[in-house]
Every structure is written in structure tokens, then in C-alpha cells.
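K.L.:
Protein chains in written order, with my numbering: chain A, 894 to 1177; chain B, 2 to 324.
Think of the hints as simulated: they come from the structure by calculation, not from any bench.
Ideal Cβ positions, reconstructed from N, Cα and C, are used throughout, including at glycine.
Any given hint might turn out to be false.
Quick partial rundown of chain B residues pointing at chain A, CB under 8 Å, derived from the structure [what the hints assert, rightly or not]:
1. THR130
2. VAL134
3. LEU135
4. GLY138
5. SER143
6. PHE145
7. ALA257
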Amino acid sequence: MHINYWQETKNDFFGKLGLILITLIVVLAILAPLLTSYQPQAYTDTAFSPPSWQHLLGTNDVGQDIWTRLLYGARTSLIVGCGAAVLSILISVLAGCTAALFGGLYDRLMMRLVDAMIVIPPVIVVILVAAYLRPNTLLMIVLIAVFLWPGGARVIRAQTLSLKERMHVAAARTFGAGWLHLLVHHIIPDLGPVIVATMIRDARRAIFMEAGLSFLGISDPSVISWGKMMQHALRFSYLNVWKWWLLPPGFALSLLICAFTFLGFSLEKILNPRLRKGVSHAGD
Amino acid sequence: MKKAGSAVSYLIAFILILMISFLLPRLMPGNPLMAIYGEEALIAMTPELQAELTQRFSLDDPLGTQFVSYLKALLHGDMGYSYFHNAPVFDVIIASLPWTLLLVGLAVLISSFLGIILGIESGYRRGETTDKVLLTGLISLSGFPDFFIGILLLLFFGAALGIAPLAGAVTPYAGKTGLALLIDVLHHLTLPLLALVLVRITGTYLLTRNTMVTTLGEAFILTAKAKGCREREIRYRHAGRNSLLPVVTAAGLQLAGSITGALFIEIVFSYPGVGSLLYNSLLARDYPLMQGILLMTTVVILLANYMIDLLYTRLDPRITYSR
């Protein structure tokens, strides 16, 4: 009955691969100042220099070291991804759990809002808002989370509805536990796997959206981001520089999103027993 | 009951989007006319024109009155005037819409078809090498952002090999007609289309594969096998057909992704559709055009999703969505 999710994820090929890749990128992002001797904003004397021992990935049109910007760009992607995932799951849990626990008119109104928000295409609306606000990292996180939470809220509400009928929750109720106590001590701990799966999905989408917005050039110009590096480099694609300027941020971004995809895929398999091996079915 | 409920959701979504696109420019600090039309356009305007526009948007009135006149203008198809293109926003968008529709339409058809076939074959061979290779390959592919897939294709086929055009939808000033024109259009379309198909295919593939795996575990498959049906028949008639249903919903859910994907891919290939138009309006800070594009795209997505919702209830009478 009880599944050891951590063990299952570590044993799964995709899960392991995802965890390793994410750890690698996080370590690189944290150790960025140790791995390079340049500042990401600093200008060196040579522009468009090809890769060398001094500049591992060469320099861009204004002479900034590309390897340094690649490392610091990882920070932006990770911060936006994790920040948006955390903020969005907080809203999802709050909305989903309270809707399931309180029920009645509040539940109906909340779910009506969720249904309406879910059909709104998030990327397009975020582009619209970002074009006016030119968001910095914090505002970007808030903006993305505002349009990501409804999906999670629906899943968490459904899960809470089934959890609240369980024996131990009913027992706590008979002892007079309030809704906050029920939520924190009995429901949220059991929501763990669903919450993690939702967060991974949200983080993936947030990283994707951040890259897209910076690729369109509508984020804060002072933030170093892979999407913006690509937008910038694409303008010089007629030169040979794309090999070390355009491709590295693209592949770094793809690798990070892949890592989250692998992890999410492996978790989905673990959470949905019908997709698991070991369950007998015809054809095997 | 269901239809009413679902329609209300779409209506609320539509009103939310209208409110966002109405309120944003008006709540920005400074002259609202500047936020609506952009700084450059405002400088170019004469004071008389500014006064006339203020009057037209009722910018001196309370927000409620402004909203009413905003809605009235929209109802007449008036989405504002693009100073950059020197034409009404609506006309500018309509002119580039066919290219985007062509791209998205073909990509949805091709990627759904390929995704279903690959999903059925892969799900049927679960655990075998073919399945593992397909699964790993396609999941990795889905990690690549749409614009980066476009960039890779552009650099490889366009710049390195030189066998595909680098930009545009037709060869300019070539004066081609008939079959030559069609070939020219397809030649320009190939790379953007390939990029969008690659972006979209994983969603359909994964969903079909998952449903295939669960369907294969059901009793009627065993019955079919016991009857001595041929493998191909079981794969496509029995299991495959039953795996189709979720794919229809997924097509709806992924439509928003396909359209935004198309916008980004068009930018990479300078394909003259709505995406390139959006990018140029962002660069030129042509706010009326940008707003018009985003509003229209959202409405198209909402309408399409609503129709797929209705279609879905027809396809599967078990679904009533009653809570």
C-alpha cells in the first residue's frame, strides 16, 4: 500500500537521470563565482573572441565572457523555476484544500474560478502583461505563478476530497480539530507525492516561460538569462559565433527542462500504478 | 447542464482577459494615452489628434464608462490603430493570419497522426528496445524549447547545408504562379512545420502510449486474443481505437501550446505570420497591435477549446461532467 517514492524514483532510469542532471546544474549555478574569474556584467577588451583558455566559450559582441554568463544564467532559470513552483503550489494547496474542506458555495465559486483560469493560455497572457511591466526576477515569479496555480488546485482538491473521508481524519475531527489543524497535520503530509509532482511540472513550465519571455526581449534587461542570450546571439547568426554563443545556452536550457521532464515522467509512472511494470497485464 | 457550466467558464475566462487587456495600459503610471499607443506614436501625434483619441476612449471619464466604450469599440471590430503599420490593427492581423493557420493546422494534423501511430506501436511493444528508444528519444525532444528546435533546424538545414530558405514564406518578387508558387510555399514551410511537429509530437505520443498500456491490460483484449484475432487487428482495432479518445481532448489542451509554439517558431524563421508580427510589435513598442494580437489569439484558443469540449461529449456519451 505504501510506496517509498524516494526509493522508486532513485531506482527508475528516468528519475535517476533527472535527479543527476538537476543536481549538476544546481551545483554549477551555486559555484559560479569559483568556476570563472570574470564578472557576468564586466566588459573585457576583446569582442567576438573565439573559445580559448582565457575565455572558455569566447566573448560576445560587447566583450562579455560567455561561459560566465552561461553559469550565472543558470541561477536565473533555477530561481524563477523553483520560485514560481513554490509560490504556485502554495496558492494551489490553499485554494484546493480549503475548497475541499469547506465545500458548499465557497467550493463552487473557487472551482468556477479554477475552471475559467485553466482555459486561459498562460504564455500569451503572461506575454501581454510582461510587455507592459518588463518584469524583474521577483515580478516574473509572481506573474508566472498567478497563471500556473489552477491546474494544481484542481488535482489537490480532488485528492483532499478523498483524504478527508479517511479514518484518521474523521478521528481527528471527532476530537474537535479545526480545519487548519486538519490541513497541516493530517492532509498536507499525505498530499506529499501529488505536491511534488505538481511542483516539478510547474517548475518546468516556469523555466520554459521565463526563457520564452526573455527570448522575446520583454523581461528586465539587467537580468542575465539564457533566453536573452539566445535572442541576442540569434541577431549575429550570420557570423560564426553561434557555435559557442547561441548553442550553449540553448543546450543548457534544454538539458534543464529535460531533467525536470524526466523526473516528472518517472514520478507520474510511480504515482499511477497502472503504468507500472510488475502489474500483470496481457501482452507482457 | 454540462454545456451551460462549461460555457460559463469560457465566458468568465474571456471577461478576465478583456479586463486584463483593458486595465493594464490604463493603470500604468503616466499618461494612459502613452501606455495605450506607445511613446513614439504619442510624440508623432498632433495635440488635436490626442484630444480626439482621449475623447474616443473616454479617457477623462471614470473607469466604468471607459470599459463600456472599450467594449463598444471591440464589438465593431475596432481594435485600435497601428501607427507602425499605418493601418487598423484588425486588418494587419488578418493579413498575416493565413500563414499561421496554415502552419498550425498542418502541424496539428501531422503530429497527431504520427504521435498516435508511434504511441500505439510503442505501447504495444512496451519494454522492448523499439519502445525504449522511442520513449527516451521523444521525452528528451520535449525538453527542447520550441524556439531552440527552430534555431537548430535553421542553423543545420538553412545555414550549414543551405538546402532550405533562411526566412520568409515565399521568394520575394519572383512572380511565381500556379504549381511553382505552391512548391515555393511548401519549400519555405518545411522547416517551420518540421519544428512545430517535433515540438508537438511528444504530447500525443505519450498520451497514446499510456492509454495503450492501460487498455492492453483490459479483459476485452484477452477475449480478442482468445478468439484468435490477428495482432494487427488487436493493435489497431481493439486497443488503438480505444486509445483515441483522450487524444482528442489532448489535442484541445495542446492547442494553446501549438499556437504559442508557432508564434515562437515563426520568429526564428521570420515566417510572416502572427508570431513575427507580435515580435515586431514588441520591438517597436506598437502596443495597440500587440494587444490586438494577444486578444485575438486568446479568443481563437478559447473558442477552439470550447468546441473540442462539445465534441468530446459527443464522442464519449459516458462523460457528463456532473459533479
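K.L.:
It remains to establish, for every hint, whether it holds in the given structure.
P.N.:
Hint-by-hint comparison with the structure:
The restraint placing THR130 (chain B) at the interface with chain A is violated, with a minimum CB-CB distance near 14 Å, outside the 8 Å limit. Given hint, VAL134 (chain B) at the interface with chain A, is violated; its Cβ is 13 Å from that chain's nearest Cβ, farther than 8 Å. Taking 8 Å as the C-beta contact cut-off toward chain A, the hint placing LEU135 (chain B) at the interface is violated, the least distance being around 13 Å. Interface restraint check for GLY138 (chain B): the shortest CB-CB distance to chain A comes to about 11 Å, outside 8 Å, so the restraint is violated.
A least Cβ separation of about 6 Å between SER143 (chain B) and chain A falls short of the 8 Å threshold, and the interface hint therefore holds. At about 4 Å, the closest approach between the beta carbon of PHE145 (chain B) and any beta carbon in chain A falls short of 8 Å, and the interface hint on this residue holds. Evaluation of the ALA257 (chain B) hint against chain A yields a held restraint, the C-beta minimum of about 4 Å falling below 8 Å.
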